[in-house]
Amino acid sequence: MAAAFVAYLHYLSIFALFALLSIEHVLFKAPLDLSRARSLMLTDLAYGICAGLVLITGIARVLWFGKGAAYYMGNGLFHAKLGLFVLVGLLSILPTLVFIKWRGAVKAGQVPEPSARQVRLVTWSIRIELLLLLAIPLLAALMARGHGVIG
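Residue numbering for the sequence shown follows the working numbering, beginning at 1 and increasing consecutively.
Check before you lean on any hint, since a few could be wrong.
To be verified - Cβ-Cβ distance ranges computed for the label pairs, FRET-style: (1) 108 x 141: 45 to 51 angstroms; (2) 83 x 26: 23 to 29 angstroms; (3) 86 x 111: 30 to 36 angstroms.
In case anyone wonders, no lab produced these hints; they're calculated from the structure.
Ideal Cβ placement from N, Cα and C applies to all residues, glycine included.
Build out the structure end to end from the sequences listed, making use of the hints.
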């Protein structure tokens with residue numbers, strides 16, 4: 001029962017991660033208004049929490065509820081999947097830093113004014129994250145069918 005619950009939380013957090021990132025993509029348009037800026041900041045916070053939950057449940061599945069750590073460590077697709085997740089995390093730093101810099105202005109009731117360059121960079125960062133996130137379930141499905149075993 002615990003294994004099913006952890007798997008469920010893992011999948012649910014992955015779906016939420018993708019949904020929250022999609023919401024960020026839709027909301028991040030210039031010119032901003034105060035309400036959207038607040039929503040973006042909260043959405044990004046929720047995204048970070050979901051990413052942490054994906055990581056924690058993923059580690060739990062590898063160590064205690066999956067096929068065993070040896071299976072995953074000896075699977076090239078697992079390494080690719082983990083690498084993509086890390087890359088998504090690294091790409092998410094840019095939008096998060098931009099939204100964090102808005103805190104003072106938003107608390108003061110001012111609308112943040114990102115530069116055209118910031119809008120372009122954050123938008124493309126989110127788009128690349130979404131694209132990479134789409135590849136992870138494919139790798140997981142292939143892995144579950146025995147592909148990627150090294151040696």
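> Among all the numbered hints in the text so far, which are the ones the structure does not match?
Replying inline: none
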